[in-house]
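K.L.:
Okay, here's what each chain looks like letter by letter:
There are 2 protein chains.
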Amino acid sequence: MNIGDVAQKAGLPAKTIRYYEEIGLIRPLRSGNGYRAFRESDLHKLAFLGRARSLGFSIEECRTLMALYEDKGRASADVKALAEDHLRQIAAKITELRAMEATLTTLVHACAGDARPDCPILTGLAEPGKPCQSAD
Amino acid sequence: MNIGDVAQKAGLPAKTIRYYEEIGLIRPLRSGNGYRAFRESDLHKLAFLGRARSLGFSIEECRTLMALYEDKGRASADVKALAEDHLRQIAAKITELRAMEATLTTLVHACAGDARPDCPILTGLAEPGKPCQSAD
DNA sequence: CTTGACCTTCCTGTAACTGGAAGCGCCATG
DNA sequence: CATGGCGCTTCCAGTTACAGGAAGGTCAAG
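Protein chains in written order, with the working numbering: chain A, 1 to 136; chain B, 137 to 272.
No incorrect hints appear here.
A few chain B residues that don't get close to chain A, going by computed Cβ distances all over 10 angstroms:
| no. | residue |
| --- | --- |
| 1 | I139 |
| 2 | A143 |
| 3 | A150 |
| 4 | R154 |
| 5 | Y155 |
| 6 | E157 |
| 7 | E158 |
| 8 | I159 |
| 9 | G160 |
| 10 | R166 |
| 11 | N169 |
| 12 | G170 |
| 13 | R175 |
| 14 | R199 |
Here are the simulated distance ranges between beta carbons:
| no. | chain 1 | residue 1 | chain 2 | residue 2 | range |
| --- | --- | --- | --- | --- | --- |
| 15 | A | N2 | B | A248 | 39 to 49 angstroms |
| 16 | B | D141 | A | G4 | 52 to 62 angstroms |
| 17 | B | T231 | A | A81 | 23 to 33 angstroms |
| 18 | B | G160 | A | I23 | 33 to 43 angstroms |
| 19 | A | P13 | B | N169 | 49 to 59 angstroms |
| 20 | A | K72 | B | E196 | 41 to 51 angstroms |
| 21 | B | E220 | A | K72 | 43 to 53 angstroms |
| 22 | A | T95 | B | G147 | 15 to 25 angstroms |
| 23 | B | N169 | A | T64 | 49 to 59 angstroms |
| 24 | B | N138 | A | R27 | 47 to 57 angstroms |
Calculated from the structure, these hints are not laboratory results.
Owing to the predicted nature of the structure, the values given are computational and were not obtained by experimental measurement.
The C-beta atom is built at its ideal place from N, Cα and C for all residues, glycine as well.
Input sequences plus hints: build the corresponding full structure.
P.N.:
The structure is reproduced here in structure tokens:
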């Protein structure tokens, strides 16, 4: 399979696939003409990566997940720990976003949104009183 | 005021303040020794920026907000539109994160998390069936 | 033989900073 | 007066996970 085929089947851009090879997540063979020659196993890995990425795992986390996936002697506890850690990160992000949403919603509701210049959103940003955590 | 003072008062790293000057968000004066000389108005702007950033506005959105803030003839509708648009982005992000959270939570609950290699998390990632949207 | 789709590599750019090196200014102490 | 140490300066590199695009090789069809 050439890169276009796997890109189509895995639902990933060819650019991304080349990038994944560059950083060592996959190691496709090469044809005589220099084209990448993907095996079924490469496609399988790419699909795995695509799904892991879509769940928000970072590239490095995906690398670890792939290693665990290929290690037939792994302990499921290791996988679970990684997933739970990631889940905590997701939850934290949601909490942060909800705080932003709440504050901003309040400001938006207070704003008339007409042709006049008076704007509680701007004064809310200008005045102290709401440090509004910016964790990450 | 030197940069250390405003960094302290605005709650922003000095590095960030230099960066904001570099991209034209602020224009502090300079003392004879080459040090940045911040006025109260600069500090005020930095605090404004810090709060806007903490609400998740991008740098470019902050630039627009600052311009609106300084335009005494602005229409509050313009500010509100920007804020509402941002609010939609936040809501979309939350929705996306919640979908990830739900899927991953299901997988995690199905995983024993012991010393055995059997792991529903890995098989869930490996098998097709859950495209798991990765919008942004 | 040419055209066009597909492939290759390489370089640049993104957002919003962070870290660090090299070097000057300023204040205080010995 | 010399020296230390902190604070300031600029500039360069690195971060994440790719995307865009240029320049050029390959392959099948007409």
